[in-house]
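> Given next are the chains, with one letter for each unit.
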Amino acid sequence: MTTTDNKQFSGPASEWFLQLAIPVIAFGVTAFGIVLTGAGADIGFQYYSIGCLVSSCILAYLAWIRPRKDIVSLSTPIYGIVFLLSPIDASAGAILQLFYAAGLTILLIRLKRNFSSAAPPPLILSKEEPLGQYQARMSGEMPVTPPEARAAARVFIRFAQGEYEQARQLAVSAAGEPGFAGSDLLCRAFAIVAEQAGQIATGSAVPATFTRFTPEQQPVLFHPPGADADSEQDYTLTLDNALILLFVAATGTSETGTDTRETLLHLIPFARKLCEA
Amino acid sequence: MLPESNRRTEVGKQQTITVMKIGNIDVKISRITLVVFVIFTIFLIAASAFSPEVQANLIWMIPCLILLLVIPVVLNYMSRSEYAELVPEYEREAKTVRVKLINENMIGKIVRIEGVVEHVHFQILNRPQYSVADRSGAISVKMFTTPEEEIQLNDIVEVYGQVIRRYIITGDPVINCVLIRKINKNQDR
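Going line by line, the protein sequences match chains V and A.
The opening position of the first sequence corresponds to residue 1 in this note's numbering, with each subsequent residue numbered one higher.
The opening position of the second sequence corresponds to residue 1001 in this note's numbering, with each subsequent residue numbered one higher.
Please note that the accuracy of each hint is not assured.
To be verified - From chain V, some residues computed to sit far from chain A (all C-beta separations above 10 Å):
(1) Q19
(2) F270
(3) K273
Stated by the list, open to error - With a straight-line cut-off of 25 Å between C-alpha atoms, the simulated SDA-like cross-links for lysine to any residue are:
(4) A:K1100 to V:G198
(5) A:K1095 to V:G203
(6) A:K1100 to V:T260
What the hints assert, rightly or not - Just so you have them, the derived chain A footprint on chain V, three or more residues with Cβ under 8 Å:
(7) 160-167
(8) 197-207
(9) 230-240
(10) 260-269
Please keep in mind that the hints were generated in silico from the structure rather than gathered at the bench.
None of the values given here were measured: they were computed from a predicted structure.
We treat Cβ as the ideally placed atom computed from N, Cα and C, and that holds for glycine.
Same shape as in the complex, but just chain A (with noise of 0.2 Å):
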């Protein structure tokens, strides 16, 4: 497994892109899964241009074609509005901690954290992962949908999110983030 700091991932560009809103979740889907489907629409035109066969089945491989694009859609709004309705109950527990104090004693506590993003992963695939650090150290945070907003490196951000074990039930402690948004330290102070 390589170390998080080969795993970069492309920042400066979008890596998600917004299809619709629905009430005040913006759905996005990422672009990965929008090359998958062009991938398969070309395999499918091409296949059914020469096969006769693909041709007679087109009925039930249309459809799954368009269930490429409408299942990650729907996913991602289900995710999205579940943390959306997270979102005040976390801004009102959460206690603002430096990231030194975070400890394994702390797991299942909310926390709100303030720092710089060093490190972005996976923000292709919508489950982005970042390194956040203030003055006293660094943590992951982890976040299973697309944030609100764009997040890329050397942005201040802060973070409320649970602490949980990084791999579920064992390893060191991270956060995972049900918010994360861009803030100006500049403004707040």
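This is chain V alone, in the form it adopts within the complex (with noise of 0.2 Å):
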């Protein structure tokens, strides 16, 4: 295929047709066959499958130039085949046709609500709960690349998911990530993170002295230093407020992938929670 060829098949506009050929050509060509069977035609049934058949490669074109590839749409041709080549009476012929018109049409919608190569759009929460609201105010106070993002989506998925050794480790690689320029805060977390997450992998009790945010941080962290905290309490309180800082960062670009912030968006309860007293 040449690159003009390329052209002529790539673009919002040709791929809405291509979509809508989809449904049209199926059910399109089953009718076609109902009516001149209904009319006398004696053509064996099967021979009108071709519609579908063109219809599911035309699905497996469309899942192929996507890049995250659906196997399902992508296999579909194979039963158009088989369809085409299985003599079949009317009655059931039509049936069968329309039942699979009807699956490709319901796989195309699959295919562009869950393979879309558009990105997803960032977790954004309602500003009228406290974890909105310091997203929206950390969004401007702490700008987070993509490589960030993704860096703290991991380690926050991993230390809620109880696998505190890998959050450890990744929070240490983090900032060894191509693209991570880390702000002074953000590195902060991530060091918060991996200290304390190592501590629980390995069972060991509170230390005397821990990584804290520096005072000059204090003011943008979500849970505020107690005046009245002892060493446990501080030590949480700073594993909370690191957390809570990954959350954010993770959540506040597209960057980060469909399958990430699927995850993330289970662990908005988890986040919620971090932020309580």
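Each chain sits in its own coordinate frame; assemble them with the hints.
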């Protein structure tokens, strides 16, 4: 296929026409076959499945050009070929092809929803809740690059899942990621999570000294430092603040990917729990 | 369904009775099992005194009556011995976490928590449920057998268990307890 041919089939408009063609051709040719058979045409009904075969090939092409491949859509032409080659009587063939056309349409909708090449929108929480307000505030005070957001998401997810040693390793190696510039606040958050995740993984008690946020960083933390807090309370609040910062960093951008976004969506209740005093 | 705070069982009295010791396992039955056994024994004695038909069937009624005691004892031994086998593995693998950090993404993880017992339920049924709280929050701890020691309100305990959903496939995360025991915080410090 030449570059010119590629241009003919690329772009949103042509893709829209191809998407529309799937149900139109599948249902249209089947309906045409029903009409012809009703009029007395002596053609094997299996041959009217050519419409479904063409639609399935279009669907497979649309699945192929996406960055994330959908194996289900890619495999639909196989069934189209089977239906084309298998003799079948008119009534059963009509039902089968109509169902297959409906299935192709459903797969098209699924392809558009789950395998869209567009980046998912960032996870923006409502400003009516404290976490949402903090997220909005920190989006201005702590700009985050996509590599930082991805690193923060990985660490937060692993920690929330109870994989403390993995979270520690990811937090330690985050600064080494390509494109990781890292504000002091974010780097400090990674360091705190790395330290405390390691403590949990090894079953260590609360240490006498531990990594804290600097006095200059205290005003931007979600939980302000308690005046009467003992060492253990300070230790746990420091971790909560660090985790909240990582969550906010991970959700403030659309660059974390669909799967990560879905996982972070399920972790919103955990993030809200961290916000509780 | 009543909220948990209204279903507090009577605490302060021992709810189980140690029947025997098999190996390292103290086999316990609950008071309610004994009460049921006594009630049915009285029924049977009274019935057999007044009814010749009952007297004729005593040959299978008496074994059934004995089974009312034997079956709970056997089940208790089986469950407690199984839990006892799990304890070393849980003590080895458990991660000590704050209650606040336990969330539904940790389903299946083995954890250890320390806290104060705030509520006790169903102790009388040999299926005790505790609400254990630390400084970060409270969580339900469910045990499907009798614990080794009697746990009362306000006891400071450590709990080893697995994070599960409250209703198996749905619900908030709770701890399926394998071991709960009192700890002396002053000594530990």
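> What hints, given by number in increasing order, does this structure fail?
2, 3
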